[in-house]
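Participant: Here my numbering is used: position 39 in the sequence shown is 39, and no number is missing along the way.
Since the hints were made in silico from the structure, they are not lab data. It cannot be assumed that every hint is accurate.
Claimed, not checked - Heads up, simulated BS3-like pairs for lysine-lysine below, C-alpha to C-alpha not over 30 Å straight-line:
(1) 32 to 100
(2) 140 to 32
(3) 100 to 162
(4) 140 to 100
To be verified - Simulated restraints on C-beta separations:
(5) 41 to 13: 20 to 26 Å
(6) 67 to 123: 36 to 42 Å
(7) 42 to 165: 18 to 24 Å
(8) 94 to 29: 42 to 48 Å
(9) 41 to 5: 50 to 56 Å
(10) 129 to 13: 16 to 22 Å
(11) 22 to 112: 40 to 46 Å
(12) 37 to 94: 23 to 29 Å
(13) 156 to 18: 44 to 50 Å
(14) 23 to 81: 51 to 57 Å
(15) 23 to 170: 42 to 48 Å
(16) 112 to 86: 21 to 27 Å
(17) 18 to 119: 33 to 39 Å
Quick reminder that beta carbons are idealized off the backbone N, C-alpha and C, glycines included.
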Amino acid sequence: MTLTEVLVASVLLVILTVGLSSSFVHNIRDAKLMTYRTQTVTTALGVLERVRAIGWADLVTAHGTATSSTPTDLRVYIVDPTYTPLPADTDVPFGHRPIKLRINVKDGVEISSAWSQVQLPINTDTTSTIPMELWLSLTKNESLLTMPKRQYFEAIIVYRWKAPGISTTWRYGNVRLVIPNTSALLRQKAPAT
Numbered sequence: 001m002t003l004t005e006v007l008v009a010s011v012l013l014v015i016l017t018v019g020l021s022s023s024f025v026h027n028i029r030d031a032k033l034m035t036y037r038t039q040t041v042t043t044a045l046g047v048l049e050r051v052r053a054i055g056w057a058d059l060v061t062a063h064g065t066a067t068s069s070t071p072t073d074l075r076v077y078i079v080d081p082t083y084t085p086l087p088a089d090t091d092v093p094f095g096h097r098p099i100k101l102r103i104n105v106k107d108g109v110e111i112s113s114a115w116s117q118v119q120l121p122i123n124t125d126t127t128s129t130i131p132m133e134l135w136l137s138l139t140k141n142e143s144l145l146t147m148p149k150r151q152y153f154e155a156i157i158v159y160r161w162k163a164p165g166i167s168t169t170w171r172y173g174n175v176r177l178v179i180p181n182t183s184a185l186l187r188q189k190a191p192a193t
């Protein structure tokens, strides 16, 4: 083997090693981003499900007071195994953190520009968190004069988050849920057959 052949082989080996290393680092970064994205999407969907579980009467109250000087914030829970409930929080399920969710848009009109802040824990071993913000739009739809009668809320959460250690720019997403007044649906007569 000549010196030229050894140098060419060494250069090819270095190029191959650098390529494999960069591919490995890129895959780790993408895997972390997908993990963070999955966690934020799951949290946003979970918050919407908690809004649905609040109950029709409480949603109507929060919707009605949203434009008042003392709006009723929605109290929902996010999964957070690192959270230790305060002694006064006897109703907080284990492994959950209570958050206050402000109605930002009521019936298509922006009433608050403040995002609801959330710090999602990445895992229970560290104090690292994913900074996340929620923006709630709540639209009440009613059709009480025509049959079938309908009452429902359309809830949309726009959320944004930053990938810790990877990016300082906000990444956006949204989730949507229709919340019907089930008692109004159950009171309707069944159609004659």
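Participant: Hint compliance check: list the failing hint numbers for this structure, sorted ascending.
Facilitator: 2, 5, 8, 10, 14, 15
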